[in-house]
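*Asks:* Listed below are the residues making up each chain.
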Amino acid sequence: MLQTDKIKFSYNQEEILKGIDLQIKSGSFIGIIGPNASGKSTLLKNMSKTLQVDSGTVYLNHKLLNDYSSLELARKMAVVPQNTEVSFNFNVYDIIMMGRHPYQKRWSGISKNDKKIVNEVMEVTDTFKLRSKLIKELSGGERQRVIIARALAQKPNILLLDEPTSSLDINYQAEIYDLLNYLNQKWDLTIITVSHDLNLTAQYCEQLILLNEGEIFASGSAEEVLTEENIREVYKAEVLIKSNPLSDKPFITLIPEVNKFKKKKEKKEFKIHIIAGGGTAKKFIYKLDNLGYRLSIGVLNIGDADWQVARELGVEIVEAPPFIDISDNEIKRNKELIEKSDLIILSDLPFGHGNIANLEVLLDYANKPKILFSNLNIEKRDYIKGKAEKIWNKLLEEDDNIVLLNDKSQLISEIKKLEN
Amino acid sequence: MIENKKNILIFLTAVLFSVILIFLALFIGSTPIEPADILDYIFNNSENISTSTAIIIGEIRLPRIILAFIVGAGLAVAGAVFQAIIRNPMVDPYIIGISAGAGTGVMLALFLGIEIVVFNLNSLPVFAFLGAVLTVFIVYQLAKVGNKLPVLTFLLAGVAVSFILNSMMSFLMVLRTENLQQLVYWLMGSLAGSAWKDVRMILPYFLAALAVILFYLKDLNILLLGEESAVHLGLNVEKTKVILLGAASLLTASVVAVSGSIGFIGLVVPHMARIIIGPDHRRLIPLAALIGASFLLLADTAARTIMAPMELPVGIITAFAGGPYFIYLLRNKSKDIW
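Sequence order for the protein chains is L and E. Residue 95 in my numbering is what sits at position 95 of the first sequence, and the numbering runs on without skipping anything. Residue 201 in my numbering is what sits at position 201 of the second sequence, and the numbering runs on without skipping anything.
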């Protein structure tokens with residue numbers, strides 16, 4: 001167990017760590033995240049005795065870190081530093097064997113046990129095939145695996161890593177974190193990694209510690225730490241947080257240019273009601289929201305792709321549970337929103353029993369301007385044997401306020417025409 | 001393993017080469033000596049050879065050969081150690097001013113007329129050592145930028161300190177005008193006039209420093225990984241560095257005390273050895289010692305025969321070979337120089 005108690009550290013009179021309290025249980029997989037200069041690397045260095053804390057204490061297994069000799073510590077804790085560039089040409093086997101240094105006496109050669117352990121760590125890190133290569137011949141990902149193998153050869157209980165994937169291509173990043181995950185699960189190794197990659201740490205680490213200006217801003221599970229509010233506060237960035245469908249972990253997307261827009265954006269008076277579903281509107285909802293239109297949308301099934309986007313953007317939604325017909329109550333609320341709006345947009349959504357009411361409702365508002373997407377023929381979108389087509393045709397006959405939009409990219413200019 | 005066989009072969013070759021060189025150096029010289037006489041000297045206790053030949057072999061050439069061996073090995077090993085600690089292959093006791101520091105120490109001792117001998121231990125190497133250590137410290141402090149030691153500033157600081165020390169030596173030399181030629185030769189690096197007493201003078205210091213370095217061979221490898229990694233592997237980096245810098249300075253000082261500043265062996269030889277056998281110091285240091293010894297013996301034999309009966313300071317020859325090599329290293333900085 002690793003514990004820090006109010007540790008502070010300053011560099012050049014600037015306080016980098018302002019009293020960090022941490023308790024890291026054996027066997028956990030911790031990610032320390034935070035913006036540049038938040039003190040995450042410094043914290044790691046204080047926990048590994050690379051830097052001496054100015055005040056406060058660090059305990060490893062209830063013993064003061066400073067009471068460990070460097071050899072003792074090297075048998076308990078291994079560190080993969082940020083810069084693993086090696087400027088000399090040892091071969092991979094020799095480099096990994098150096099991890100056995102804390103166990104070897106000065107004149108003793110390489111023992112059977114040393115060999116056994118080195119073979120073991122080469123196997124788990126998949127570096128066996130590299131063993132007679134020179135370190136400089138390796139790719140970045142291979143070199144990182146070798147350095148991790150050397151750290152594992154120390155047979156530590158705790159492995160600390162400082163930005164282990166910062167200089168690696170995406171495929172190697174996953175490879176390294178998969179390896180760390182395996183070591184955490186199968187070898188019961190406690191892993192603490194510093195990273196600026198929020199998504200990677202969110203996927204793999206069971207606990208995240210978010211640092212901001214030398215203090216712990218938030219800690220807990222990825223869901224608890226990676227919230228839009230936290231990220232806005234700490235990183236000054238607007239992000240979308242979705243759930244990664246493969247792992248159910250939060251997945252962060254930076255909203256392009258939204259940071260610029262948000263500040264300038266003034267809400268317009270023009271109100272648009274959108275009728276969509278199945279992800280047919282998600283692209284233009286972003287655009288319209290960015291342009292400052294007041295949006296409402298309905299009726300959408302909960303969990304629908306358009307529903308997710310609308311919810312993220314805070315658009316007013318009339319929502320319905322999926323797989324059943326839209327109820328009268330929802331139709332009523334949808335109508336209320338339509339009545340308030342200046343324009344109705346009907347996307348190229350398909351129609352079935354469940355949502356036909358969304359099309360029917362348009363018949364009641366002959367005097368409202370409408371944009372109907374007509375790029376997909378209504379026959380192809382009709383899953384209720386011509387019923388939708390019938391309503392569609394009736395609408396076109398009776399209603400003079402319809403703009404048919406064949407080319408989706410013209411949507412904004414059409415809206416602007418109607419707006420004026 | 002094949003690797004091991006290869007290494008044994010390398011060492012056998014190096015030893016064989018050294019033995020041949022010693023033999024050659026014994027009979028080459030301003031007074032030619034028959035190889036048969038040398039064999040006679042070695043195996044028959046010089047019964048059948050003239051006294052003068054016996055003196056040339058036993059009192060002039062042999063001590064000189066042994067001294068060349070010690071000095072060459074010492075400079076090469078010191079160079080390899082400095083390179084590992086500074087983690088830069090362009091460092092050498094001569095370039096970074098340690099030789100000059102040791103030389104100034106010796107010069108000062110001679111100038112002040114201090115020469116104490118206690119139990120066969122001569123004080124000259126001690127003065128050289130003090131000069132060397134002081135120089136290492138000054139250069140190190142001058143070159144340090146924050147916590148880092150940039151190579152370029154280190155080299156420049158070394159060169160600057162060398163200049164100052166060399167002018168101090170020249171100044172002391174001018175003040176003390178007797179034996180001027182001998183001092184000039186010494187300053188340029190020379191083994192001329194070596195005798196058994198020189199061997200006796202430096203041997204204890206040389207062996208002590210070498211023993212310390214051999215004790216720390218594994219640690220030198222770990223140091224190469226970078227100081228941070230070395231700490232995490234359980235090495236007491238600061239202590240190890242101080243001990244090794246001290247030992248390498250003593251090694252340099254002991255050889256400078258007898259031979260003056262012989263340049264570039266400490267640079268070129270470790271590099272050659274590294275190309276042959278790789279960066280592992282457990283093999284590199286012994287091989288560098290052997291190559292350094294042979295290299296200096298070869299250069300010294302050339303120094304005393306090229307213009308015989310006149311002698312060239314051997315430092316001229318080593319610098320002539322080493323200077324271009326240094327330029328080559330500088331130009332190839334981006335490539336694999338380790």
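It should be emphasised that the hints constitute simulated quantities derived from the structure, not laboratory data. Warning: the hint list may mix true and false statements.
[Stated by the list, open to error] In silico DSBU-like pairs for lysine-lysine, Cα to Cα no more than 35 Å straight-line:
1) L:K370 / L:K390
2) L:K136 / E:K197
3) L:K25 / L:K76
4) L:K49 / E:K6
5) L:K116 / E:K6
6) E:K6 / L:K18
[To be verified] Sample of chain L residues at the chain E side, in silico, Cβ under 7 Å:
7) L71
8) P81
9) F88
10) N89
11) F90
12) N230
13) P245
14) P322
15) I324
16) S327
[What the hints assert, rightly or not] Not close to chain L: a few residues of chain E, all C-beta gaps over 12 Å, as computed:
17) T13
18) V19
19) P35
20) Q83
21) A195
22) F215
23) P286
Where a beta carbon is used, it is the ideal one built from N, C-alpha and C, also for glycine.
*Asks:* Each hint needs a verdict: does it hold in this structure or not?
*Replies:* Verification of the hints:
no. : hint            : result
1   : L:K370 / L:K390 : holds (18 Å)
2   : L:K136 / E:K197 : violated (48 Å)
3   : L:K25 / L:K76   : holds (14 Å)
4   : L:K49 / E:K6    : violated (41 Å)
5   : L:K116 / E:K6   : holds (25 Å)
6   : E:K6 / L:K18    : violated (57 Å)
7   : L71             : holds (4 Å)
8   : P81             : holds (5 Å)
9   : F88             : holds (4 Å)
10  : N89             : holds (5 Å)
11  : F90             : holds (6 Å)
12  : N230            : violated (31 Å)
13  : P245            : violated (39 Å)
14  : P322            : violated (54 Å)
15  : I324            : violated (61 Å)
16  : S327            : violated (65 Å)
17  : T13             : holds (22 Å)
18  : V19             : holds (28 Å)
19  : P35             : holds (42 Å)
20  : Q83             : violated (10 Å)
21  : A195            : holds (37 Å)
22  : F215            : violated (7 Å)
23  : P286            : holds (15 Å)
When held up to the earlier numbered hints, the structure conflicts with 2, 4, 6, 12, 13, 14, 15, 16, 20, 22 and fits the remainder.
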